[in-house]
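Number of protein chains: 2
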Amino acid sequence: MAKIKVELKERSYEIVVGTDILSNLGKIIKEAGWGSEIFIITDQLVNELFGDKLRQGLISFSCQTLEIPRGERQKNLKIAAKLYDELVDHAAHRDSLILALGGGVIGDLAGFVAATYMRGINYIQVPTTLLAQVDAAIGGKTGVNHPNGKNLIGAFYQPKLVYSDLQCLSSLPARELRTGLAEVVKYGIIEDADFFQFLETNAHHLNTKAFESPDTLRAALKVWQTIVAESAKIKATVVSHDEMETGRRMILNFGHTIGHALESLTHYKAYNHGEAVAIGMVATAKIAQEINLLAAPVVERIRSLLTRLELPVKLEGINIDKVISAMGIDKKVKGGKLRLALPEAIGNIRIVDDIPAKTISRVLQEMGCQ
Amino acid sequence: MAKIKVELKERSYEIVVGTDILSNLGKIIKEAGWGSEIFIITDQLVNELFGDKLRQGLISFSCQTLEIPRGERQKNLKIAAKLYDELVDHAAHRDSLILALGGGVIGDLAGFVAATYMRGINYIQVPTTLLAQVDAAIGGKTGVNHPNGKNLIGAFYQPKLVYSDLQCLSSLPARELRTGLAEVVKYGIIEDADFFQFLETNAHHLNTKAFESPDTLRAALKVWQTIVAESAKIKATVVSHDEMETGRRMILNFGHTIGHALESLTHYKAYNHGEAVAIGMVATAKIAQEINLLAAPVVERIRSLLTRLELPVKLEGINIDKVISAMGIDKKVKGGKLRLALPEAIGNIRIVDDIPAKTISRVLQEMGCQ
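In order, the protein sequences belong to chains A and B.
Just so we're aligned, residue 1 is where the first sequence starts under my numbering, counting upward by one.
Just so we're aligned, residue 1 is where the second sequence starts under my numbering, counting upward by one.
Source of the hints: derived by calculation from the structure; they are not laboratory data.
Keep in mind that the hints are not guaranteed to be accurate.
If chains are identical, the list can't say which one is meant, so a pair holds when it fits in one copy or spans any two.
[Said to hold, decoys possible] Straight-line alpha carbon distances no greater than 27 Å define the calculated DSS-like cross-link-like pairs of lysine-lysine that follow: (1) LYS314 - LYS9; (2) LYS82 - LYS150; (3) LYS3 - LYS27; (4) LYS314 - LYS160; (5) LYS358 - LYS53; (6) LYS322 - LYS53; (7) LYS160 - LYS9; (8) LYS209 - LYS53; (9) LYS3 - LYS82; (10) LYS9 - LYS269; (11) LYS222 - LYS9; (12) LYS30 - LYS3; (13) LYS150 - LYS78; (14) LYS5 - LYS53.
Given the structure is predicted, the values throughout are model-derived calculations rather than measurements.
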């Protein structure tokens, strides 16, 4: 088991990463005194998979499970309003505690409801997907989507604890595992060359097959323990230095400006988040190469690792102008200038302003854009 | 002009109180660099009264005015959603700045939208009612109502500035002015005996008549300057010590637990907020007297000042059990115990737990409850 501290003064909290730990959570909550009454927010599938295990440890609490429909499209203000209604119906009060059991959608939505119910009640992230364990559940970004933009309505609101059980990963479909791996690779690129190398060395283990037999499961869990804990540590460090994303936290957006544009352009259907980010990272690395910030062999290392992890690195059948325009309305635009987080080397990133659209166009064309 | 600092570390801000200062706000925003684009959120009446004056100073900004329908019933999630839509339509971004121009409803709602649009953008409170200038606009409580409870959905989110123009008070109806005075009296009781005495000395000036002739207007504005600035200072101090209302900030609830019960019971029709709080303060002072915390002559001083300010101090035609039950579901209930902020003397208050319902019943009966 690993414990990582997110240092945010009076809002500091721990990330716990371990195997088969769900049923211990109740004891931790009791000792910390985080709430007298528990509301688990989850979806039906996740509830079927992990709900009972989690509730086993909560028998000494009054506990309600609130299920919401599954999927990114449910992350909206209407579902949030429904959750407020249910909390009110169950007389949830300031000492009530929300557990967000699920992936990023559940975490963002339940976190937002926790942030805004009675001006903020305690909540704990219990992420069950790789993407949520290494990214979404850490850092206090909560929110729901607006028809015209993802996460347009939200709040920065830190959980009391992030509680990641690696056992949950074994039930993930391969594509879901891969989407998380894109963010894992990102952490290596932006902050930690050794970690990137660890991923290169272990890439052949990083798939769902390792979970399939009891023989390989133990070895796999050991690798995943390192991956989730290291990723969490990197994200925690960045968040500690810039809780509200006014500066340094922007480096976490490496690959995301182009990634978000692709997701939005294809109406969140062609690519999942990690796939779009994988393409975005390759494109962004190539932009860094174009402006002589990054050497060509490093771009190739990035492309090669992502390919081995079965993540997409090409961009076919997409219109260049549409990507550029989709980037222009991305919420990372500051004062009208296009600003990107660009790598100088593996483990080293910087923010560059005023990147010309034609550089971006050229790179997109190289990658197969029309 | 007075400036009061609300000390909240990196979230600190100033309260400015002055006369005829609306048109200077643009200059202050420019110098502070709080935003490149301004959205004024207001209602039609307030916009007609003060909008042009405010916009006079904003000519160098891109500026949109978003009007919402007037009244407490509009403070809901649906109107917030409509404001999100309008902000998105106007491509509001992270550097956009919201000005909340109006009373408490506008301030709470616009503050909540600012707190949750793109996870928080800058906003400034420009309170135009006495109640908002001395209370609602200070301290970062933002939110909207749920059909089952006031302010059930909200966030703590501090403005960049509270900018109170006393000139706005001259257009307030008498009853609106009085509702603010109840909170003003509260500040004297909970924190400042000298200020309470100042109110006793000047009670005859504290009405709308003083605004009516140019002769009395100047003297009146001087008195109001003291009242608004002193009230703001007291609230700022309490908020500085307890931003999230986990402890000391509870003293601001003096009179409010009973007040809220009365408002809720009468469906926010029989009493406005200040009237309900006035009755609540007298009842609470009597409870303090019943448990030998407060001397009878002090209760009489409180009752007498409120009466001179034409605020209600009796409770007729209301059912005792309904008040008690309405208090039981009030959100200030912690762990099932009834906890009240009770005065020990003018300027001195403390939190008392476990107040027996029968003490409350007896007091309510004395005040005319059935």
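Query raised in the report: How would you classify LYS30 and LYS3 at a CA-CA limit of 27 Å: within, between, both, or neither?
Result: within (18 Å within a copy, 45 Å between copies)
Requested in this report: Can you give me the call for LYS209 and LYS53, within, between, both or neither, at a CA distance of at most 27 Å?
Outcome: within (24 Å within a copy, 68 Å between copies)
Requested in this report: Indicate which option fits the pair LYS3, LYS82 if close means a Cα-Cα distance not exceeding 27 Å: within, between, both or neither.
Outcome: neither (34 Å within a copy, 43 Å between copies)
Query raised in the report: Using 27 Å as the alpha-carbon threshold, which applies to LYS358 and LYS53: within, between, both, or neither?
Result: neither (53 Å within a copy, 45 Å between copies)
Query raised in the report: Should LYS314 paired with LYS160 be assigned to within, between, both, or neither, using CA atoms and 27 Å as the limit?
Result: neither (40 Å within a copy, 45 Å between copies)
Query raised in the report: For LYS82 vs LYS150, is the C-alpha pair at or below 27 Å within one copy, between two copies, both, or neither?
Result: both (19 Å within a copy, 17 Å between copies)
Report task. First find the shortest C-alpha distance between LYS9 and LYS269 inside one copy, then the shortest across copies, and answer within, between, both or neither for a cut-off of 27 Å. Result -> Answer is neither; intra-copy 40 Å and inter-copy 44 Å both fail.
**Report entry** Intra- versus inter-copy proximity for LYS9 and LYS160 (alpha-carbon distance at most 27 Å)
**Finding:** both (13 Å within a copy, 22 Å between copies)
Query raised in the report: 27 Å Cα cut-off: does LYS322 pair with LYS53 within a copy, between copies, both or neither?
Result: Intra 46 Å, inter 43 Å, cutoff 27 Å: neither.
Query raised in the report: Is it within a copy, between copies, both, or neither that the alpha carbon of LYS222 lies no farther than 27 Å from that of LYS9?
Result: Neither. Shortest intra-copy (31 Å) and inter-copy (42 Å) distances fail the 27 Å Cα cut-off.
**Report entry** Alpha-carbon proximity context of LYS5 and LYS53, limit 27 Å
**Finding:** within (25 Å within a copy, 50 Å between copies)
Requested in this report: Check LYS150 against LYS78 for me: Cα-Cα at most 27 Å, and say if that holds within a copy, between copies, both or neither.
Outcome: Close inside one copy (15 Å) and across copies (19 Å); limit 27 Å.
Hint compliance for this structure: hints 1, 4, 5, 6, 9, 10, 11 are broken, all remaining hints hold.
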